[in-house]
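Protein chains in written order, with the working numbering: chain E, 1 to 779; chain W, 1001 to 1157; chain H, 2001 to 2270.
Calculated directly from the structure, the hints in this document are not laboratory data. There may be inaccurate statements among the hints.
To give a feel for the contact side, a few chain E residues facing chain W, derived at Cβ under 10 Å [stated by the list, open to error]: (1) Gly11; (2) Arg15; (3) Tyr130; (4) Asp131; (5) Phe245; (6) Pro708.
Derived Cβ-Cβ restraints for the label pairs, each shown as a range [stated by the list, open to error]: (7) Val2140/H to Met1001/W: 53 to 63 Å; (8) Ala2158/H to Thr1116/W: 53 to 63 Å; (9) Ala75/E to Glu2236/H: 56 to 66 Å; (10) Gly2015/H to Ala75/E: 35 to 45 Å; (11) Glu436/E to Ala2004/H: 52 to 62 Å; (12) Arg2047/H to Gly63/E: 16 to 26 Å; (13) Asp1121/W to Arg21/E: 45 to 55 Å; (14) Val777/E to Ala2004/H: 43 to 53 Å; (15) Glu445/E to Glu2236/H: 49 to 59 Å; (16) Asp1121/W to Glu445/E: 23 to 33 Å; (17) Ala2180/H to Glu436/E: 24 to 34 Å; (18) Ser2061/H to Arg778/E: 49 to 59 Å; (19) Glu2236/H to Arg394/E: 15 to 25 Å.
Beta carbons are placed, not taken as given, at the ideal position from N, Cα and C, and that holds for glycine.
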Amino acid sequence: MSGEPTTGSLGRSVRRKEDQRLVTGHGRFVTDLELPRMRHVAFLRSPVAHARITGVDTSEAVGTGVRVFTGADFADVELRAQSALPSYVETGQPVFAHGKVRFAGEPVAAVVAADRYRAEDGCELVEIDYDPLPPTVCAWEPPEEPVHAEAPDNVLLERTFTAGEVDETFAGAAVVVERDLVTNRHSGNPMECRAGVAVWDAADRRLTFWNGTQVPHIVRNMIAELMDLPEGNVRVIAPDVGGGFGVKAVLYPEDVALCLMARAMPGVPLKWTEDRAEHLLAATHARDHRYRMRAAFDGDGTLLGIDADVTCNVGAYSVYPWTAGIEPLMAGGLLSGPYRLAHYRATVRGVATNTAPSGPYRGVARPASVYAMEAMFDSAAARLGLDAVEIRRRNVIMPEDVPYKMPSRLVDDSGHYAECLDKALDLIDYPSVRAEQERRRAAGEAPIGIGVALYNELTGLGRAASAGPRMPFRTGHDACTVRINADGRVTVFSGVTSQGQGLETTVAQIVADGIGVTYDDVDVRIGDTDASLWGFGAFSSRQAVIGGGAAHRTAQAVQAKLLDLAAGLLEASVDDLRVVDGRISVVGEAEPRISVAEVARVAYLESHRLPEGIEPGLEATRFYDPIRGAFAAGAQVAAVEVDRTTGELTILSYVCVEDAGRAMHPQIVDGQIAGSIAQGIGGALYEHLVYDTDGNLSTGTLLDYLMPTSAEIPEMVIGHVSRPAANPLGVRGVGEGGTLGPNAVLAGAVHDALGIEIDTLPVSPSRVWEALHAQEVRA
Amino acid sequence: MDVHLIVNGERAHVDVEPRRTLADALREDLGLTGTHLGCEHGVCGACTVLVDGAPARACLMFAVQADGAEVTTVEGLQDGDGALHPLQEAFVAHHGLQCGFCTPGMLMTAAHLLDTHPGADRETIRAEMAGNICRCTGYQGIVDAVEAAGNARDTPA
Amino acid sequence: MKCAPFDYVRPAGVGEVVTTLRQAGGDGKILAGGQSLVPVMAMRMARPSVLVDVNRVPGLSSVETDGDAVRVGALARHALLQAQPDHPLLAEAASWIGHTAIRTRGTTGGSLAHADPSAELPVVAVATGATVSVAGPDGVRELDAAELFTGMMTTSLADDEMITSVRFPRPSRWGFAEFARRHGDFALVTAVVTEFGDELRVTLGGVSAAPMRAHAAEEVLAGGGSARDAARAASEEIEPTADLHGSVPFRRAMAAEMVRRALVRTGVEE
Ligand SMILES: Cc1cc2nc3c(=O)[nH]c(=O)nc-3n(C[C@H](O)[C@H](O)[C@H](O)COP(=O)(O)OP(=O)(O)OC[C@H]3O[C@@H](n4cnc5c(N)ncnc54)[C@H](O)[C@@H]3O)c2cc1C
Ligand code: FES
Ligand code: FES
């Protein structure tokens, strides 16, 4: 084996491989693809939330020469998200609605035309008759007419997590706090909407599908199954993808429709670019939850018990393949967060409504559940006269508690929360913010408040940890193939995908260091199922741990081959060889003996020089599965000024400290944290998908759906605690943690500043003003 | 309709329906796919290009309106010898992009910003870049990059 | 999100604009900056059969001093209003419109004709008692800004009329305050205070279908009342509607607060 490389790239912020093409306008996004004979697709979407379809007339549209597909064309294909959980009610999602529509925006037909303009013209000519049914919009109001006949009460899944003696604990508690919290529906809204290009090769019965997806291998597997094709005949390519955040980790009916239509039109590439209005209507939503929380504390602020009832609005369909369980199960599994808790009861349920389906969105449920949990501490602290920081300190899981079995039976392996908190308090200069708060109080100036949130994030879930939703697959592993080419340069075919996380870069770093070549000598190919063997894709902050782990293992395997061959050529012992920056040397010698390129040449082109028993080629493929997961710790603290006259918040300072384990590329790590905090702030203060009582989306454009801009997002201070995790690279996932804090931090800051509890999100000016107004009326 | 325009310093001609947006003409008729579409209703800024030197939403202009105009897209930012524009270089150096989808619009807006507000401070940058939405970076890297490019420009070499 | 088809005409003069509109028989639309029209066309909520692009009509893009007022051509872009030194209130108001890339295209005539109740320029037009010049089949007529706005996004313009210029009188003192959710967003409330002679006017945008004068507030001020008293009066005389951004009481409160701020900026005693 090699010794420590002297000039490794890991740990340094090397120039990202993807940037050159992206800053020059040469990115390769799905919508940039132009193929001969390509035709364009527009989907016709239901204008009503709940209705029976009583008539479909395509004749006028067809008369103009366009091709039209409707529900009848693909009525035999259904997306059925599966789970073995006992209470799960399995339901189906059609490709195009037929029989009835279940949400406004659901695709009912598609038109194929020479360009997108004409495809939209064609949609206007398709006549669909609807017989309205009473819609259900709110998940905690009883339905008049169920969304799916299989679930008369609309409940698609319900589960109770229990530990300890909850009722007895509450009966004996010194303080019980109770709050009824509602979080705002919002969504990932990547800047690139969804997109696909599908082409069917009839002669070979092969489908190629360029898809802006986070999960190309899952898409291939599911498309092959749904279309009854050999898996090897389906090629899914996810080139550059303009953000995903979970929204693109789902297989949508539009994707399946595109592939089915392509099969019906052999040799004609079909392109669909989702527009923003479609995206807001029909890409997955998230975080439409209600938490009825009760927490029991003893007199000194020790948390004794939690009793929670959580309802998640899962929308019209059980999202494929993750199921309607994705949000409720995450909420119940991680509600207690990084806090010691013995007595726990949480009933969680996913309830169908006539709204867009809910799916994974960065942080899945935890931005809401962290808010619910932290609200308990804020309220209890106020009741007990404790400082918000102090009460958390009393309850947080410490390194000496680890491994800590959470009441949901997940095992926390971190315990670095207090350390993150201390560092965050240092960075914000907590005592001086408190002093400023007091000064302003005394001077009658605009009040400021401090909000605090601690969270644990389960990242890089291996086969044991990804068992939760009991889906028919386990997402614990990824594969990687590493090839040293005949010229000594390296090509990596990795199962990871990237929507901005810079995986081309980090995988190259891992492989470069793992073999002992320079970063510049490594090229990484991702997102093509014909090129890489396997990868589940980007979700659950898994790729740095799992895909990275696979790259590392594979690089080591290739290095072993390289050194075996070199040892034969040099007539040296493998154990004495070192490879650094593409040169192989013998321990103790000043000069390298041979380059990787020379060895590679032998491996491919000079078989006559191959030592006995060594096969040609320098390539390996390996899988990695961490089996368990790695918890990442985080703390966020902010100081916020409140304008009493308008209810507006100004974030004065925002600090986040996370334990990312070992940071392979510090700039990328900080970028992930900053980006996820910004999304969290968006969700906490601005973003809200609002349906009216008829089930029409009221926030259907970016003039109404307010994503934060550079003017709203504050300067952020990001700090690190680096506690290597127990995996080959020592990394913990960082993709999502940032989103977990802002709801709790900002609502908590308002509570701290004004003494008012914010129970409904977002923390909009009107919400704060109404609460203040009510407080004044009471006073 | 025939449209003659100058794109990134070169003469270009397209024959388009009046309803075709400048963005679609650039992307689909001229193959300049660096100009991105994130909303097609003027809010996100991904499609921002310079029309006769001023930033404009290419999704809110029809190609026919650009007849006789000079249009600069992200593909035209590099100088003749292929070196990156200082802003492009700064975006790379300061991690001003993740997925890169908003980047072309960000770069065009920033290019105009540095022309009109030399030496812009972070607060000005934040205010002036607010017409471009980025969903990935949290803006930190973008503000860093624009600030650095502005400072580099103000310091004579 | 692509427009329905239309015919495109690019007239060289105002006369031709009017004739083309007339020939279109109510189905024609002027295209100015396109920053409001094109989005609604892309969503197919507007589908004119003829689009009359006025961007190359000469002589309509300037801002000129005209006695105690400033005359603004219909095609003067928001960016130009923002940059001109002759009417500081107009410059301030223009700086609140959207973002740079919107302001380089959007026009004064377009903003007034679009008559969005949350837009800044219509409020300034009413606040300053602007005179709007309108060309039509029978020549040019002039009307008071207050007569232009007839309701929510509706004006008294005929289908074949075009705004050619707007004359904004210059107030001796003024104050501007706006409440919006994000930087560059349309206003939830805009309050503009203008002083002409010894009269203080209070004008509000975003609280009703069209910009409105807050007469009760003005009376309070005429009687020597404070900014706070006038603000309270303004909040009581308006009839806002609840929407996504807040309840009726909240909107009243925001109107009061913006009026107070605009008055203070004008120099009126708290
Ligand atoms: C992202 C975004 C943010 C925005 N934010 C704001 C904001 O904060 N505040 C604000 O006020 N506006 C805002 N706008 C709108 C912008 O100000 C528009 O420029 C303005 O409302 C319309 O002007 P226009 O020249 O673009 O008109 P167009 O869009 O070309 O036309 C609008 C309407 O006016 C008619 N019209 C245009 N010119 C004339 C004329 N001379 N005579 C008669 N009719 C005419 C057209 O036929 C059409 O019906 C925003 C727009 C966008 C895309
Ligand atoms: S695509 Fe033009 S502004 Fe969003
Ligand atoms: S880098 Fe992805 S949207 Fe900005």
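### Query
How about Gly11/E: closest beta carbon in chain W under 10 Å, or not?
With a minimum Cβ separation of about 16 Å from chain W (threshold 10 Å), the hint on Gly11/E is violated.
### Query
Is the hinted range of 24 to 34 Å satisfied by the C-beta distance from Ala2180/H to Glu436/E?
With Cβ atoms ~28 Å apart, the hint holds.
### Query
Could one say that the CB atoms of Gly2015/H and Ala75/E fall in the range 35 to 45 Å?
Cβ of Gly2015/H to Cβ of Ala75/E: about 59 Å, so the range 35 to 45 Å is violated.
### Query
Within 16 to 26 Å or not, the Cβ separation of Arg2047/H and Gly63/E?
holds, 20 Å
### Query
Holds or violated: Pro708/E as interface residue toward chain W, Cβ cutoff 10 Å?
Nearest chain W Cβ about 8 Å off; hint holds.
### Query
Has the hinted range 53 to 63 Å been met by the Cβ atoms of Ala2158/H and Thr1116/W?
39 Å Cβ-Cβ, so the 53 to 63 Å window is violated.
### Query
Can the suggested window of 53 to 63 Å be confirmed for the beta-carbon pair Val2140/H and Met1001/W?
violated, 31 Å
### Query
In this structure, is the beta-carbon distance linking Asp1121/W and Arg21/E contained in 45 to 55 Å?
With Cβ atoms ~31 Å apart, the hint is violated.
### Message
Just to be careful: measuring from the Cβ of Arg15/E to every Cβ in chain W, is the smallest value less than 10 Å?
### Response
holds, 6 Å
### Message
Just to be sure I understand the hint, the distance between the Cβ atoms of Ser2061/H and Arg778/E should be within 49 to 59 Å; is that true here?
### Response
At 57 Å between Cβs, range holds.
### Message
Hint Asp131/E vs chain W: min CB-CB distance below 10 Å?
### Response
violated, 32 Å
### Message
Can you verify the interface hint for Phe245/E: is its Cβ closer than 10 Å to any Cβ in chain W?
### Response
holds, 7 Å
Hints 1, 3, 4, 7, 8, 10, 13, 15 and 19, counting from the list given before, are not met by this structure.
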